[in-house]
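Peer 1: Read off the chains here:
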Amino acid sequence: MADLPGEELHALVSRLYPITRSITGQGVRQTLEILSSVAPLRIVEVPSGAEVLDWTVPPEWNLREAWIRGPDGKRVLDVRDHGLHLVSYSVPVRARLPLSQLRPHLHALPGQPDAIPYRTSYYEPSWGFCLTQRQLDSLPEGEYEVCVDASLSPGQLVWGEAVLPGESDEEVLVSAHVCHPWLADDNCSGMAIAAHLARRFAALPRRRLTMRFLFAPGTIGAIAWLARNRERADRVRHGMTLTCLGDAHPFTWKRSFAGTAEIDRAARHVLARSGLPHQLIDFFPYGYDERQYNSPGFRLPVGSLMRGRHGQFPEYHTSADDLSFVSPARLAESFAVCSSILELLQANGRYRNLHPDGEPQLGRRGLYRALGGTDIPGLQFAMLWVLNLSDGSHSLLDVAERAGLDFPAVRAAADLLLQHGLLAPA
Amino acid sequence: MADLPGEELHALVSRLYPITRSITGQGVRQTLEILSSVAPLRIVEVPSGAEVLDWTVPPEWNLREAWIRGPDGKRVLDVRDHGLHLVSYSVPVRARLPLSQLRPHLHALPGQPDAIPYRTSYYEPSWGFCLTQRQLDSLPEGEYEVCVDASLSPGQLVWGEAVLPGESDEEVLVSAHVCHPWLADDNCSGMAIAAHLARRFAALPRRRLTMRFLFAPGTIGAIAWLARNRERADRVRHGMTLTCLGDAHPFTWKRSFAGTAEIDRAARHVLARSGLPHQLIDFFPYGYDERQYNSPGFRLPVGSLMRGRHGQFPEYHTSADDLSFVSPARLAESFAVCSSILELLQANGRYRNLHPDGEPQLGRRGLYRALGGTDIPGLQFAMLWVLNLSDGSHSLLDVAERAGLDFPAVRAAADLLLQHGLLAPA
Amino acid sequence: MADLPGEELHALVSRLYPITRSITGQGVRQTLEILSSVAPLRIVEVPSGAEVLDWTVPPEWNLREAWIRGPDGKRVLDVRDHGLHLVSYSVPVRARLPLSQLRPHLHALPGQPDAIPYRTSYYEPSWGFCLTQRQLDSLPEGEYEVCVDASLSPGQLVWGEAVLPGESDEEVLVSAHVCHPWLADDNCSGMAIAAHLARRFAALPRRRLTMRFLFAPGTIGAIAWLARNRERADRVRHGMTLTCLGDAHPFTWKRSFAGTAEIDRAARHVLARSGLPHQLIDFFPYGYDERQYNSPGFRLPVGSLMRGRHGQFPEYHTSADDLSFVSPARLAESFAVCSSILELLQANGRYRNLHPDGEPQLGRRGLYRALGGTDIPGLQFAMLWVLNLSDGSHSLLDVAERAGLDFPAVRAAADLLLQHGLLAPA
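Protein chains in written order, with my numbering: chain Y, 8 to 433; chain V, 8 to 433; chain G, 8 to 433.
By construction, these hints were calculated from the structure, which means they are not laboratory data. The beta carbon of each residue, even a glycine, is placed where N, CA and C say it ideally should be. Some clues are possibly wrong.
Partial pick of chain Y residues on the chain G-facing surface, computed with a CB cut under 8 Å [unchecked claim]: (1) SER21; (2) ILE26; (3) GLY356; (4) ASN360; (5) HIS362; (6) GLN368; (7) ASN395.
Let's have the full structure, built from the sequences with the hints guiding it.
Peer 2: Below is the structure:
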């Protein structure tokens, strides 16, 4: 598997973490700028008010400051201390009000008294603050001063994409949402891994498939991309969303709508052969942006790779999803798995045995000797399997699955047979 | 599930029970008359001698009296005491003969010494009596007088059918055999439930599918119906035979020939979600009239719902299948299951998501608020699933099965989406 | 199942065993002559140098003598003592050389010190001797005299085939390799059983399918046959290679490439109903000549029946595979299984129910009485199943599998229905 020091990934996560991002605004721009230092990103803008599929791009939200002062005049909350303190997309407010009137605007988690929850209000004009239950319980009665100095005004929805052209214009789409503030696993981990994947594959000499790495705000970003790229979407043959890839949970591959797409089989093969604990689950129409890609009007074969599952771990969407929740080792593991899936897709051709009648005489061509000199396990069997299945209808992954062999061994066998003129692309 | 007091069903079973029915004759007419008091039956007659498929309608059999007098002149058996005492379709006889010559005409069950067996001889001209083993053992030697005062003469084969027109001329067929005398479970239970289903669905405002409730003598009745209704048979899209539905056994759904018909899936869904013990078994070409409907020349997708299974419980085809063997509670349960299966079929449309590209913005339409105000579990997920799968090729049952949701929740979600213009019939 | 005394099979194995066969030469001719005493073999020759698919027929190898004399002038090895002592296809040599120079030409099995290994060098010109590890360890230092008096010269590749014409020119192919010397299980057992199968089926009156029994050298023989019989190969509808059928291992059926060919299902049915321990394994492109028949240019549906599996038992390809390793009882069992598979294929027709609408009235035709008079279990159910499934698309094996009945019962039911004009070939 591909090797990238987990520390490099964690360092990038650490740079991305403390930014008060939302679905629009400077936070997203700053995030894309950081990612541009790793991957060759092109920035795309769509103006507020633009109609994208069934949605409308909202006004751009920019925040200057947001805080609450207590009865004693001291700041009890400041978004500078933690980006989750403010409900994302809060409308501007400047007011003095008693605790009783403030309370409806305060959000905490009674069951996790030390964690700040993550809340948003993108499409309902309202404002609010988030804090720990412990802090909420300690607030004295009295009058509070509240300040949300934010603007909601015509601007842009922004995303970044890195495209690596291949021999074919058929595409692999790798998509990571970039809107969540101050959450390390969800989704600084996905952004960091996607960016490094783009860097790695940009450096590889030969790519069969075009690759697109998309860094967009959740839901509205994916919807806007789909609205503006219908013809490109038609070329997406494989895809995955990346999220929550730095924590210590086992891997989960959430299948595409069909469940039997090539990327579903590639993910299954790589995970099964990785020796790492994992599970495969069927598609369902909630979660991350795979729900948009798999909608009936598109049905792009996009699955989702994650460790912690959407809504199913206590740190999910709270301040406990911080930099200590993600580790270099897990990030490196996740990167290696993603990289292997993409390598497999790039290498998964279909071939034709040029001597399909009986077995070709391998001994005469020195291919038995060749076998002696190699240490790729299973290469001999792999050659016989590739010859037998290369009738134009089986991909190398088909061969690996049917033969019970590792994909790299099958790929190596195919390369050897290609060199000896026994095989040709189908 | 639909609610009908079991007592009402049991009362109907009790009226149907003590009639000495056979495949033709007054017993069937009387039975259909009773059923007409519940369901809007049309009576159909086919004359004796008519050729129906590979069969010929037999002469009509009518019975006046049948008894045996012992050596002391007293009646030892009388069909008035129990309809099973006479072999059905016995030819007329009036004779005096010693016990040794009478014995070959007497049928009992050595293994169930207190039960009278049920025997027939429709197509072999013969006569016989059935009695308990205990009674048989107690018969003294001597001369017996035997009387079967019956007529076999040109007449009619008779059946009843209730047809409830729907928006489509595609049909659901519900079929119950009406020939067995003095057997409560087999098949007064099936007749009673089918008649009440007809009454219930006749009262419902909107039916997609036409419904046909057929009350016919076993084998020859189904064959005659098929012979006389070939073009109607072509319109049967779903069907089930109902039998033995008042006893305490778990439910059995016997699949149609294909095993994957919509009604097979509907029955599986309803039974699985009912919480009631049940099993699903594959089609086999013996049992009740499903064997005729599924014959290779018709292959109608007709399954069979039962509790006690054909030939597999000791009371089967004996006098132990009496009114105490069936209970109001079990009849009510069976009615509810049948009703749910039929409701599901009626409601199992295919729809098209009118905003198939990405997810429609539900918040803007107040559908998130709508969700808060309802208490149908799973409705929110159901809406997302209906939207995702409504590409014209999936029925609502497909949605329910894939989503792991109850059909009524999926149906409710579809109704809500229809109201908001997000869905249209496919 | 068919009955042939195992002793008769073992006697044939014993005659075939002590011949120093190879892929060409007098050993093969002598072997085919012995087989001709049982089966009506035609001998086919292909000259050395002929191009067959991707291969070239090698020169014919004939051996006069081969031995080694020790330093004391006594023979320490002689191929007359055991045919495995010489590496098959050794080039001629006559030399005196010290033990150190002889050693690289000596082959033994350190892990099985009492067994002589079987080695070949068909396509690399070299020579060598095989002996037990114990013997090798006991060789004193000194000068040895080596003699391989063999010829490699233009000649013939030879095979035998017995063809039994059937009503159709669609063929069943039974193939056994005939090249291994002095190995009883691999493959004197396969040859003996195939020859006796040919004899048995030649004696049967009516054959639907043409049967071809092929006795050819491994790999090059199958390849030459395919090269010279392309149009015949196109008619092969079912096939199996027979090997290692006299040992005490459970049966293994190795499926054809497709895995769902009729012969795969026939083998599964016969083995499952035999009560004998067995396993079914998927095709893989190594093993015996099934690898050639299933190559992508032919894809003949040829499976393989064996007991001991290729390379997976310690006696495999050693002198321990001798006459005591195979037993009359196991050979007889294997013959019976093969015979049942072939009988099933011969009898596995498709029929059409001539009264497909509803059930035909069996009573009127005396078929219920017929049932009483027979003792074939399941015949009554078999008749109903055959009637129901005989819509032209189901074979009798389909009926047996779906009904859970033995094939012979289904076949008997079909014969009865044919006699009564209720069935016709589809």
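Peer 1: Of all the hints given earlier, name the ones this structure violates by number, lowest first.
Peer 2: 1, 2 and 3
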